[in-house]
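Peer 1: The primary structure of each chain is shown beneath.
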Amino acid sequence: MPQLPITDIPITEIPVSALIPAIDIVGTFVFAISGTLTAASKKLDPFGASVIAFVTALGGGTVRDVLLDVRPVWVQEEKLLITVFVSVMVTLFFRKQVEKYRKTMFLFDTIGIALFTILGMEKALRMGVSPIIALVMGVVSAVFGGVVRDILCNDIPLIFRREIYATACLAGGVAYLLMRKATISGDVPILVAVGIIILIRVLAVKLKWAFPNLS
Amino acid sequence: MPQLPITDIPITEIPVSALIPAIDIVGTFVFAISGTLTAASKKLDPFGASVIAFVTALGGGTVRDVLLDVRPVWVQEEKLLITVFVSVMVTLFFRKQVEKYRKTMFLFDTIGIALFTILGMEKALRMGVSPIIALVMGVVSAVFGGVVRDILCNDIPLIFRREIYATACLAGGVAYLLMRKATISGDVPILVAVGIIILIRVLAVKLKWAFPNLS
Amino acid sequence: MPQLPITDIPITEIPVSALIPAIDIVGTFVFAISGTLTAASKKLDPFGASVIAFVTALGGGTVRDVLLDVRPVWVQEEKLLITVFVSVMVTLFFRKQVEKYRKTMFLFDTIGIALFTILGMEKALRMGVSPIIALVMGVVSAVFGGVVRDILCNDIPLIFRREIYATACLAGGVAYLLMRKATISGDVPILVAVGIIILIRVLAVKLKWAFPNLS
Numbered sequence: 000m001p002q003l004p005i006t007d008i009p010i011t012e013i014p015v016s017a018l019i020p021a022i023d024i025v026g027t028f029v030f031a032i033s034g035t036l037t038a039a040s041k042k043l044d045p046f047g048a049s050v051i052a053f054v055t056a057l058g059g060g061t062v063r064d065v066l067l068d069v070r071p072v073w074v075q076e077e078k079l080l081i082t083v084f085v086s087v088m089v090t091l092f093f094r095k096q097v098e099k100y101r102k103t104m105f106l107f108d109t110i111g112i113a114l115f116t117i118l119g120m121e122k123a124l125r126m127g128v129s130p131i132i133a134l135v136m137g138v139v140s141a142v143f144g145g146v147v148r149d150i151l152c153n154d155i156p157l158i159f160r161r162e163i164y165a166t167a168c169l170a171g172g173v174a175y176l177l178m179r180k181a182t183i184s185g186d187v188p189i190l191v192a193v194g195i196i197i198l199i200r201v202l203a204v205k206l207k208w209a210f211p212n213l214s
Numbered sequence: 000m001p002q003l004p005i006t007d008i009p010i011t012e013i014p015v016s017a018l019i020p021a022i023d024i025v026g027t028f029v030f031a032i033s034g035t036l037t038a039a040s041k042k043l044d045p046f047g048a049s050v051i052a053f054v055t056a057l058g059g060g061t062v063r064d065v066l067l068d069v070r071p072v073w074v075q076e077e078k079l080l081i082t083v084f085v086s087v088m089v090t091l092f093f094r095k096q097v098e099k100y101r102k103t104m105f106l107f108d109t110i111g112i113a114l115f116t117i118l119g120m121e122k123a124l125r126m127g128v129s130p131i132i133a134l135v136m137g138v139v140s141a142v143f144g145g146v147v148r149d150i151l152c153n154d155i156p157l158i159f160r161r162e163i164y165a166t167a168c169l170a171g172g173v174a175y176l177l178m179r180k181a182t183i184s185g186d187v188p189i190l191v192a193v194g195i196i197i198l199i200r201v202l203a204v205k206l207k208w209a210f211p212n213l214s
Numbered sequence: 000m001p002q003l004p005i006t007d008i009p010i011t012e013i014p015v016s017a018l019i020p021a022i023d024i025v026g027t028f029v030f031a032i033s034g035t036l037t038a039a040s041k042k043l044d045p046f047g048a049s050v051i052a053f054v055t056a057l058g059g060g061t062v063r064d065v066l067l068d069v070r071p072v073w074v075q076e077e078k079l080l081i082t083v084f085v086s087v088m089v090t091l092f093f094r095k096q097v098e099k100y101r102k103t104m105f106l107f108d109t110i111g112i113a114l115f116t117i118l119g120m121e122k123a124l125r126m127g128v129s130p131i132i133a134l135v136m137g138v139v140s141a142v143f144g145g146v147v148r149d150i151l152c153n154d155i156p157l158i159f160r161r162e163i164y165a166t167a168c169l170a171g172g173v174a175y176l177l178m179r180k181a182t183i184s185g186d187v188p189i190l191v192a193v194g195i196i197i198l199i200r201v202l203a204v205k206l207k208w209a210f211p212n213l214s
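Protein chains in written order, with numbering that gives the first Met the number 0: chain B, 0 to 214; chain H, 0 to 214; chain Z, 0 to 214.
Just so you know, nobody snuck in bad clues.
For identical chains, the list gives no copy identity; a pair is met inside one copy or between any two copies.
With a Cα cut of at most 25 Å, we get these calculated PhoX-like pairs of lysine-lysine:
1. Lys-122 <-> Lys-78
2. Lys-180 <-> Lys-78
3. Lys-205 <-> Lys-42
4. Lys-42 <-> Lys-207
5. Lys-207 <-> Lys-99
6. Lys-102 <-> Lys-41
7. Lys-102 <-> Lys-42
8. Lys-205 <-> Lys-102
In case anyone wonders, no lab produced these hints; they're calculated from the structure.
Computed from a predicted structure; not experimentally measured.
Okay, chain B solo, but in the shape it has when bound:
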C-alpha cells in the first residue's frame, strides 16, 4: 500500500492513532525527567538516577507485559531505552532550567498517563483478556512505574495515599470501554477517555480532591 506523503493530508484528517508513537516518546521522556529529579532529591548517583528514570518511565508497561506473558516493548525496540537515556542526560546537565518547567511537565505527565492508560487497555484487549482485566492492565501501565520507583527509593508508594491519580485513569478507562461497547468508531473514544482522565486529574490537583485515608 503506497503511503501518502504526510504533508498532503489536511491536519484535521490525521487520525489520532498516527500521533501515538510520537506521544509515546514524549510521555517516556517526561516520565524519565520526573524519575531523574526524584533520584537527585534522594542523593543517588548518576547510575542510580538512570535506573530510577528507567523504571519510572517504562516500569508500568513492563509489569503489564510480563503479566500478559509477552516481552516488554522496550526489549524489542531500543528507541524507548535511548529516549530514557537522553532524558536523564538532559535533566542532569540542565537541571535548573528543567525545574523551571515543572508546570509544563505536569501537563505532559498528565497527557502521558492518560494515553498510557488507554494504550495499555488496547494492548490487553488485543491479547484476548476480558474488559475488566484490560482496565486493570491499563491502570497498571499508567501508574506502576511510579510504584516501582517509590519501592526502589524505599518510600511507601505515593499513589497509595493520593489515589485521585489512579482513580482518574479508572474513570477514563471505564468511559472508553463503554464507548467501545456502544461501537462508537474512529478517534472519538480515545479522545473522550483521554479528556476525562486529564480533566479529573487537573481538577483534583486544583481543588485538592482526595479520598480520606483509612485509620
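Following the hints, put chains H and Z in place on chain B, whose structure we already have.
Peer 2: Positioned in the frame of chain B, the structure of chains H and Z alone reads:
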C-alpha cells in the same frame, strides 16, 4: 459429558478436588481481608488498600506463574479479581465486625496457605518442572503474596523473621511429594499434606515455636 | 558423539566456554554466601537468610529471563537451587571461618559479576535482541540480584549510590560488543571483557573511585 446434579452425590463421595475452586475463592477472599486490614493500619487510602489486598491475595500465584512463564490465573479468569474487590468493599464497610472474627480468619488463612501450597506444587509439576522446584513453587504461591505486601508497605517481610509459617508449607509439601512417589492415589495425599501444614502452623502459634534469629 | 576424556586435552587447548558451567556454580555459591551474611547482619532467621541468599545469587538472571519472556534457568535445572542451599548451610555453620575469607570472596564475587555480565549478554543476543538491549540485560544479570536483596532488606539499593560496580560491567560489555563486531573469534573477547570488568572494579575499590552523588 452430562453433569450429575451435585445433590445426587453422597457427601462422602465428593472428591476433594471438586471443592478446590470454592476453597480457592474463599482463600482469596480471606487473604484480601488481611491485606485490607494491613493497609488500613498503615493509613493508606481505599485505592492503596485495594492494591495491597490484591497483592496479598494474588501476588504469590502471580510470581509463581511468571516464573513458570505462563499468564497468571487472574489475568485469564476475572472471578479472582472480583473476589478481591468484593472482599475489600466488605472489609472497609464492616471493619469493626470483620475484626471480631480474627480467630475464624486465622483458620481460613491457614487452610488457604495449605491449599495454595499443594495446588501450586501440582500446577508446577504439571508444567514439567522437577519435584524440588515444584516444592519451591508451592511455597512461593503460598507465602510470596505476604512478602510483596510487606515490601509495598515498606517493612522487612514478616515471614523472614517468623519462618514457621513457610516451614509448615515446606513440611507439607515434602510429605505430598513422598506420598505421590509412593503412588498413593485418590484424595489421601492432598488431605494428609494439608493436614500437616495446618497442624504445624496451629501448633507453632499456640506453642510460640520459632527458629532463633541470626545475629 | 564420543566424548574425549578430559585429561587427553592439553590445558592450553581447553576453551574458556568449557569452564563456564563450573564458574557459574562457583559464582552462585559465592553470591549466596554474601546474601547469607547480609541476612545475618539484619537478624533474619534461617528461612529469611535462605530467601535473601537465593535472590542475591539468582535474582539478576531471573529478572533477565522474565524480561526475555523465558523460564529462568534455575526453574529448569535444579543444580543452581541446590548450590544456594548448600552455600547457606555452609555459611551458617561455619560463619566465623567464612568471614575470614572476605578478601578471597571479593575476588570470586568480582569474577562472578564479570562472567554473569558477559554470559547474560550472550543469552540475550542469542534470543534475538539488539546489542544495546543485550548490554542492559547483561548488567541486569550481574547487578539486579543485589538490588532485589536490598529491597527485601528495606534499604535503598547500595548500587544506586556506589555505581562503579555497574559501570565496570557496562565498560566490559561495550568492549565485548566491539570485539564481537570486529569478528574477533575464539576466547579472546570473553577473556578481555572479563579482564576489563575485574580490573575496573578492583581499581575502583583500591583507589576509592566513585561518581559524585547528585544533590
